[in-house]
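Next come the chains, spelled out residue by residue.
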Amino acid sequence: MRNRTFVVIVLVVAVALMAASRLAINDYYFSAAYTVLQFVILATAWNILGGYTGYVNFGSAAFFAVGAYTTVFLNKWLHAPLPLMIVAGTVVAGLLGLGVGYLTLRMRGVFFAIATLALAVVLYTLVVNWDYVGGARGAYIILPREVPFGLPRYVHLLYATMVLMSAFALIVARTIERSFIGRGLAAIRDDEIAAECSGVPTLRLKLLSATVSGALMGMAGTTLPYYLSYVEPSAAFNLSYAVNSIAMPLIGGMTSWLGPLIGAVLLGTVQQVVQVTVSSAWNLLIVGVLLVAFVTLAPNGIMGWVDAWRRKNAS
Amino acid sequence: MAQEERVVTEPLLRASGITKRFGGFTAVDRVDLEIARGERLGLIGPNGSGKSTLVNCLSGTLRNEEGSIRFGGHDIGREPPHQRVRRGLARSFQIPKPFASMSVLDNLRIPLQYAARQHEKLPLSQIIDEAMRVLDQVGLKDKAQAMSGGLTQVDMRKLELARAVAAKPTLLISDEAMAGLSTSETDDILALLLGLKEQGVAVIMIEHVMRAVMKFSDRIAVLVAGRKIADGDPKDIVNNSEVVTAYLGQ
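Each protein sequence line maps, in turn, to chains A and B.
Number 257 in my numbering belongs to position 257 of the first sequence; there are no gaps in the numbering.
Number 1224 in my numbering belongs to position 224 of the second sequence; there are no gaps in the numbering.
Just chain B, with the same shape it has in the complex:
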């Protein structure tokens, strides 16, 4: 009974006191962040405010010097990135990192084989079908056989997101998937991310496109100079004077 209650009350992700320094520079300074199952969190902040560094600490590509990270009831703070993905914490990269020597389809086979298969029963024979389904979601189905190194920037961003989705995460961190995209392309990606809600996937969206952030988020957290200065309802955030100052200056 007590066990059950704990599972219900504990958020999906609980990061507390995350601190990351590069030499004398503190990029992320004692940041706490929680996200519940299926929740949609927008993470905003000016350039260089530590958003990507925070994501790197959460996904394990950087080691935070202080603080703890709990995910799905486990302490994952010392686990390598591949272990975290296998637990269901997937991320996409701001600058797309496709497996350039592989076709678009084969790019998705990697997370399906190495991550998704670790936590859910997915027969080998269904990997191709599953990959095609994800490609269809992001609108890359026609390019399944194309070499990923030759894709346009827009398609690479879609592939980047598709590869994270293919890991079958319970928490997806999308790092500026929409930068430089047109309005209709932004809407495509937004629809994809919103669709994940129905599958019970929590999403942390890092974005500069405020229209998308406002439309998407249940809650918004704001980072400025490595510190979290606000966290709450989107409507309150946009009226928060501190946030406005940080973004627009005095």
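Chain A on its own, in the form it takes in the complex:
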């Protein structure tokens, strides 16, 4: 499928999703859909560095929180409009990603994963002690009274924004994957030294991958303060973001853009259903159980299953 065709299809689906929201009678559906879409972005973004390039990032929550706190900061400082905050949060998280990219110079595998986890802890401590953005108390965000585009409530706008941001993330991920950059990243994942000796500028590609991955994670966080209307560090830096953004691509499949999407929709929906029907405490337990099941039974995720099945039918 050509890139342009894909963009058109994604946008059509996005518009359909936004239109469908008019039918929702209960606000809960918005909140559930918002959460699932948030995970679609996080999983897709994580997969650019983790799946395509092979560097496991355990600090997704840090990038997500950087996006959220950029919004809190700009809201307090400038009362900036939402689009500006989305752009700013994306850029700041991208810069953080660039920094993490430089870590790949010296660290790989488990060591890189631990370093990213440590980064999250450091940033968490920083925010907790930063009074301007609320510190440990947290910060309130007052939603604007007027909702643009004639939408009924602000949550409609946030939902629509999330749909568009998810579409953007998917388009970026797929474009990278299908380009020669994606092939270079795959070479790095398979064997970094061999890639370098085949002419792949590994450092430059890793920096690019880490920056884009970080930026998209930050983007997903920029609307969080509006969605919750109150942010505190342990909500923004919640471990569940880090765990989910690894688990979802792992369960869906890490080699293509479709894997994280399937994983996020599946796992995100299951979590929502369980939260309502059973208990909210069961959330991460379910992720854990599914993760163990998939790692042992289908290490290449759902997409790996599909590929194997396709190959078997073809031959």
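Simulated from the structure, these hints should not be mistaken for lab results.
The reader is advised that the hints may include incorrect statements.
[As the list claims (entries may be wrong)] Residues of chain B placed beyond 12 Å of chain A at every Cβ, according to the derived structure:
1. 1194
2. 1197
3. 1198
4. 1199
[Claimed, not checked] Think about it this way: if two alpha-carbon atoms lie no more than 27 Å apart in a straight line, the pair counts; the simulated DSSO-like pairs of lysine-lysine are:
5. B/1141 with B/1197
6. B/1215 with B/1197
7. B/1197 with B/1097
8. B/1143 with A/312
9. B/1121 with B/1141
10. A/312 with B/1141
Computed from a predicted structure; not experimentally measured.
Don't be surprised by glycine CBs; every beta carbon is placed ideally from N, CA and C.
Guided by the hints, dock chain B onto chain A, whose structure is given.
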């Protein structure tokens, strides 16, 4: 005029005083090595004599502590490996390092796209054709669509060499491409390496299969314990008493 003369007289590769230490151990000790355009050099030496370390220094995967490396008129001693490949210095690995998640064909697309396209005009549309041509040369054409992770050892070695050839080098360093291969397979690889001569590619061949080294080399250099103890005509090398001692013992 003077410029032209310099280009003619300067060898393709001139490595001088290469020294590489691992802690207190000197793996490569002040080695000088030159190779002319289109020349075929055999590099031999017992196990652990520093051949692979030398290759790693030349290709940039290791940094030598001392010495300089000039290639094609440029000082490449501080350049990262991908830059050196783009200049035309390609190498294969002793232990094959295939891009295991890719097909055999896609393995070759990486160097074609990232290295060969940097120094010669190769339209994107011709990359697949070019990859197939190289695969045909090494006898892997039928396996173009196979996943490279599932290849046999022999095929992996062929792929390893093919990937280096696909970078369109002017100097190819082949690190024990024939170890463990049968006589006819050795001949296949040898024919491929000899064929590169016609394309003006210089080759440094590291090998233990002496039959192949003798048949292949214009010149042979011998490394023992990190030092170069001999460098010259193959016939003289095999009669050199120092070399014989190093290989066979007293």
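Tested hints:
For residue 1194 of chain B, the non-interface assignment is confirmed: its Cβ lies about 23 Å from the closest Cβ of chain A, beyond the 12 Å cut-off. Separation of residue 1197 of chain B from chain A is adequate, the least Cβ-Cβ distance of about 22 Å exceeding the 12 Å criterion. The claim that residue 1198 of chain B is not at the interface with chain A holds, since no C-beta of that chain comes within 12 Å of its own (minimum 24 Å). With 12 Å as the threshold on Cβ separation, the claim that residue 1199 of chain B sits away from chain A holds: the shortest Cβ distance comes to roughly 18 Å.
With a CA separation close to 22 Å, the supplied pair residue 1141 of chain B and residue 1197 of chain B stays within the 27 Å bound. The straight-line distance between the Cα atoms of residue 1215 of chain B and residue 1197 of chain B is roughly 14 Å, inside the 27 Å bound, and the hint therefore holds. For the given pair, residue 1197 of chain B sits about 25 Å from residue 1097 of chain B by alpha-carbon distance, which is consistent with the 27 Å threshold. The hinted pair formed by residue 1143 of chain B and residue 312 of chain A meets the criterion: a straight-line CA distance of about 17 Å does not exceed 27 Å.
Note on residue 1121 of chain B and residue 1141 of chain B: the hinted pairing holds, with a Cα-Cα distance of about 24 Å set against a maximum of 27 Å. With a CA separation close to 22 Å, the supplied pair residue 312 of chain A and residue 1141 of chain B stays within the 27 Å bound.
No hint from the list above goes unmet by this structure.
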